[in-house]
Amino acid sequence: MDLSAISPTLLLASLMVASTPILLAAIGELVVEKAGVLNLGVEGMMITGAICGFAMAVETGSPFLGFVAAACGAAVLSLVFGVLTQFLLSNQVATGLALTLFGLGLSSLLGQSYVGVKSPSTAKLDIPILSDIPGIGPVLFGHDLVVYFGLALVVCVWIVLKTTRVGLILRAVGENHDAAHALGYKVVRVRLLAIAFGGACAGLGGAYLSLVRVPQWTEGMTAGAGWIALAIVVFGAWRPFRVLLGAYLFGGVTVLQLNLQAAGMAIPVEYLSMSPYLITIVVLVIMSAQRGRKSLAAPACLGRAFHASS
Amino acid sequence: MTALLEIQGLTKAYPGVIANEDVSFEIMPGEVHALLGENGAGKSTLVKMIYGLVKPDTGKMTLRGGAFAPAEPRAARAAGVAMVFQHFSLFEALDVAENIALGMEDPPPMRALAARITEVSQNYGLPLDPDRLVGELSAGERQRVEIIRCLLQNPKLLIMDEPTSVLTPQEVEILFTTLEKLKSEGTSILYISHKLEEIRRLCDNATILRLGKKVATCNPREETASAMAEMMVGSALLQPERKPHSAQAVAIELRDLTLPTSHAFGTTLKNINISVRKGEVLGIGGVAGNGQDELTAVLSGEALSSPDSILLHDQPIGDLNPNSRRKLGLLAAPEERLGHAAAPDMSLVENALLTGNHRKSLTSSGFVNWARTREFAKDVISSFDVRTPGPNNAARALSGGNLQKFVIGREILQRPEVFVVNQPTWGVDAAAASAIRQALLDLAADGAAIIVISQDLDELMEISDRFAALNEGRLTEPVPAYGLSVEEIGLMMGGAHDLARAEGAA
Amino acid sequence: MIRFEKRPTPSRLWTALTPFVAVIATMIAGGIMFALLGKDPFEAIRTIFWDPIFNEQFAPFSRPQLLVKAAPLILIAIGLSLGFRAGVWNIGAEGQYIIGAIFGAGVGLAFYPTESVLIFPLMVVAGAIGGFLWAMIPGLLRVTFQTNEILVSLLLVYVAEFILASMSLGLLRNPDGAGFPGSRNLREYPSAFNAELVAGTGMHWGVVAAFIAVIFAYILFARHQLGFHIKLAGQAPRAARFGGVNPSRLILICLGVSGALAGMAGLFEVSGPAGQVSIDFNVGYGFTAIIVAFLGRLNPIGILLAGLLMALTYIGGELASFMLGLPNAAIQAFQGMLLFFLLAADVLTNYTIRFGRPKVA
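Protein chains in written order, with my numbering: chain Z, 1 to 310; chain Y, 311 to 816; chain B, 817 to 1177.
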């Protein structure tokens, strides 16, 4: 085994790439859950985004349009969930599962003719001098734009939730929908917007997988990334920067185990491959064991249906 | 002088019920106007229409001479109408300033808002820290948040829904001072209550509702309390009847019971000591959120404590689960009817099985005897005059009073030796409430020990032999209820643990 | 304006009718989907729902498949229905199914080539234990640390798939298999083979187990206190606690039973229709069973019917792919759609729909 082949710089740089899909999906789901909605369909929305983005990018040759299509496609799908849970008051857990099952089927149906096709490559930032700085250059400045978009989104979500009125209303709806309704806020409308935002983010995350990280289309290619994103929202205790940390942690584990595989470590490949899932579970356990602390609590109305009775 | 708000012929119907029918009255500027009626009389629906939460089917409102038909609360607030809710309008995980900002149209930046909150709250004698989480505040403080939220918008009309139900007598005094000050500044107040004495003290006019219709508008200072009560209820009510009884053996005893809270905004029970004798009713008062739910849970067995901290007939039971306690004769009825004392979507038969399983032998080796269970449910329905089409109806289809009669009846028919009940008549119409109180007294007369936890002081004074108050998880020394004055009760609820010393100081 | 008004009591009529509404709506929407794929929608629907049972040419082959495919779905869905009723969301049945298969087949293969009538029953027990233990992971984490069982059980599916890969490439690989991945074929080991009990019917031990599970579940829910507690805990958790239900115990029971049944289903599949432990012997029954459980209204008889219907879509889907070139994935989308329509139609059970403004009563 040759561990010296693993370069810390490259590891860090590829960690950022590996964590971006999860980060995008998780930050979207964070907003959804802050509004009091539990959408378990992240996996389905991600894979729908993956195929929509891939197909559009291949057809038009533009990865940018691909990402737009991914966001739109997944947002439309998420609105199916939105209509069912917000207007028809269906159970959020069951509907989220349905979304995942349907999304997986739909995506492989749409992706029939794209298996084995190559996608156009996505532009990298590559600022000439900065990205050549040894060490931090490739880590900080050598990525494609989506990586930076993901980071910017985390900052934006944090600012919006913490300081703006929109953010305050969103949190209020998630904390106590009856009170928000009594004060005249449109609970259902706020939630639908949050759900669509979450869908679009998950779609972007999926498209990042099919267009940048892999980059090609295979059935079921998200391989549980959506579920890990859900776990990371719990890990992040519904706070944007902790979600970022969680995504990087997951990205780090993924990249490290891939590197160890490449370095020919004595552990069978299957056990290295399952490590990200196991670590996600461990992290979930650690987080839930310390729940009960106020600052870590989930939005009070998470997963509860709202029906204005008055 | 023209009226501030004129209400003409408001009608609102829901499927199967007419919440309001042809209600008309007017509120003058600077007037404190009472809206009086028992539970279910249509007070809430009426104020929701004024506040834009519900649209009337017919009728119209005029505010300061102009037509007033708020499509949503925002419109009502813009027109100068503000409302202090009884429930459901604060966000526990948000801080005071955020809660207040949510109730305003154009809140200033957070820092400026915090300064204004401090200023206004000092001005009106309702001090409040804008940075605290609402979940950590007491019920009285939470009400201040709501009031300050309204005052920051300079309302012309302030609607207050049952404001004193969560306050100690001393806090009520402070509130009344604030309301008098507002009135002197020209603000009108619509004051919703069913407490007659308060209304006679505070209000200039009273509109009385019964079954959705206006019965009368009168000057409460000129009417007697009993005359208004009759207008409100429609008939004279029977006062519960009590039979004298002699001291008997101790049935249940709590020894230095301490129980840490299990959730973020809960109350920790601290060193509670009581003993209740057979045939005795112990009333436990206190403002909501001071440990009532926790005390009920630890007595019913939903929360466990050390074995020796609860003794039932001298037998340690603190670590027993609810069903083991039921077998020994300790039964309970928690406050929340729907979802706690009863499963809302289940039939009354299934709800009879919920607690009746052991004492009524409704199962044998795990298999449910549905025929017996149905008989038991029918028995409860007929013995306690529960109005329902039949035992197969879902619990949530019953009115509050009927479901409460079912819940109390279900326990009483199991012949408890000790019965713990939390808020026995909360949200229940007057007739059902008096029937329930009578049933509790009859149960005590048969030799059961009863612990009644309630926020209704009148109720506790009516049925208790002894009275104690919960305050931040501590319980005062129980004292004989007969002859206790409002001031003494207030001191107990406010945390004066040694009543004798308080009296000595006065 | 359309409004929903909550019914005082859930409508029994609509509870029974919604699955049919959902199936019809899915056929219509699916037909549109097939038309968009350039297939004749009527022919596609007929191929999926009619031909596998009634077409003279195909029925002899596909009819027995109905039971073969329905059995694991029913067995798993019955287990899931306990949890779903109680608000315990085990969505990792696929993982329990895989681990059950590995355990059961592992026990069988350990005895190879000894022949004994005891081997197969032992395998069934081992399969159940495997699934049970795998389900206990989310169960114990939930009761000790309040860890969300939805996420843990689901993440464990991926872990189980890697274990399966490792097993079929390593420990359980057929030593006489010339290096090909996958275990010995259990068809060639009579003591461990879950053979067809009645020729030409598809009836194997797994089908028998599924029917027994349906009967037990029916009695449990209709007559037994535990069934009542499960329903109570799902509808009103606080009332359940007040009624003396121990929530931790209930969570472990629900997860344990569903895990054991899923593990058994895995064993019956791997020792019969699939024949061997291989990287991809599992075809997603654990997930489809979620749809079956909901479509069957979490009711044992309903699950029986829903399992048969869902098996039909699998077989019909294969037929349509073979006859019309309909993509296999279309069936998966079709099944997901069915669950959507069912959940949407459910609003009719709990709410009455009214048009226009409310009238004065």
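By construction, these hints were calculated from the structure, which means they are not laboratory data. Be careful, since some hints might not be right.
[To be verified] Below, simulated BS3-like cross-link-like pairs (lysine-lysine); rule was C-alpha separation at most 25 Å, straight line:
id : chain 1 : residue 1 : chain 2 : residue 2
1  : Y       : Lys523    : Y       : Lys491
2  : Y       : Lys365    : B       : Lys1047
3  : Y       : Lys688    : B       : Lys855
4  : Y       : Lys491    : Y       : Lys370
5  : Y       : Lys670    : B       : Lys822
6  : Y       : Lys505    : Z       : Lys186
7  : B       : Lys1047   : B       : Lys855
8  : B       : Lys1047   : Z       : Lys186
9  : Y       : Lys670    : Y       : Lys588
10 : B       : Lys822    : Y       : Lys637
11 : Y       : Lys523    : Y       : Lys505
12 : Z       : Lys162    : Z       : Lys186
13 : Y       : Lys365    : Y       : Lys491
14 : Y       : Lys505    : Y       : Lys491
15 : Y       : Lys670    : Y       : Lys637
[What the hints assert, rightly or not] Listed below are several chain Y residues computed to face chain Z (Cβ distance under 10 Å; list not exhaustive):
id : residue
16 : Arg387
17 : Ala389
18 : Leu404
Where a beta carbon is used, it is the ideal one built from N, C-alpha and C, also for glycine.
We went through each hint and held it up to the structure:
Distance restraint check for Y/Lys523 and Y/Lys491: the Cα-Cα separation of roughly 32 Å exceeds the 25 Å cut-off, and the hinted pair is therefore not satisfied. Restraint check: the Cα-Cα separation between Y/Lys365 and B/Lys1047 comes to about 38 Å, which exceeds 25 Å; the hinted pair is violated. At roughly 60 Å between alpha-carbon atoms, Y/Lys688 and B/Lys855 are farther apart than 25 Å, so this suggested pair is violated. For a cut-off of 25 Å, the pair hint linking Y/Lys491 to Y/Lys370 is broken: about 30 Å separates their Cα positions.
Note on Y/Lys670 and B/Lys822: the hinted pairing is violated, with a Cα-Cα distance of about 34 Å set against a maximum of 25 Å. Distance hint between Y/Lys505 and Z/Lys186 is unfulfilled; the C-alpha atoms sit about 34 Å from each other, more than 25 Å. Straight-line distance between C-alpha atoms of B/Lys1047 and B/Lys855 comes to about 44 Å, which puts the hinted pair past the 25 Å bound. For the given pair, B/Lys1047 sits about 33 Å from Z/Lys186 by alpha-carbon distance, which is inconsistent with the 25 Å threshold.
This hinted pair checks out: Y/Lys670 and Y/Lys588 have alpha carbons roughly 22 Å apart, not beyond 25 Å. Using a Cα cut-off of 25 Å, the hinted pair B/Lys822 and Y/Lys637 is violated, with the two alpha carbons roughly 38 Å apart. Taking the CA atoms of Y/Lys523 and Y/Lys505, the gap is near 19 Å; set against the 25 Å cutoff, the hint holds. Distance restraint check for Z/Lys162 and Z/Lys186: the Cα-Cα separation of roughly 20 Å lies within the 25 Å cut-off, and the hinted pair is therefore satisfied.
For the suggested pair Y/Lys365 and Y/Lys491, the alpha carbons sit about 32 Å apart, so the restraint of at most 25 Å is broken. With a C-alpha separation of about 21 Å, the suggested pairing of Y/Lys505 with Y/Lys491 holds against the 25 Å cut-off. For the hint linking Y/Lys670 to Y/Lys637, the alpha-carbon distance of about 10 Å falls within 25 Å, and the restraint holds. Interface restraint check: Y/Arg387 against chain Z, minimum CB-CB distance 8 Å, threshold 10 Å, status holds.
This hint is violated: Y/Ala389 has a C-beta 13 Å from the nearest C-beta of chain Z, more than the 10 Å allowed. Below 10 Å, beta-carbon pairs count as interface contacts, and Y/Leu404 has one with chain Z at about 6 Å; its hint therefore holds.
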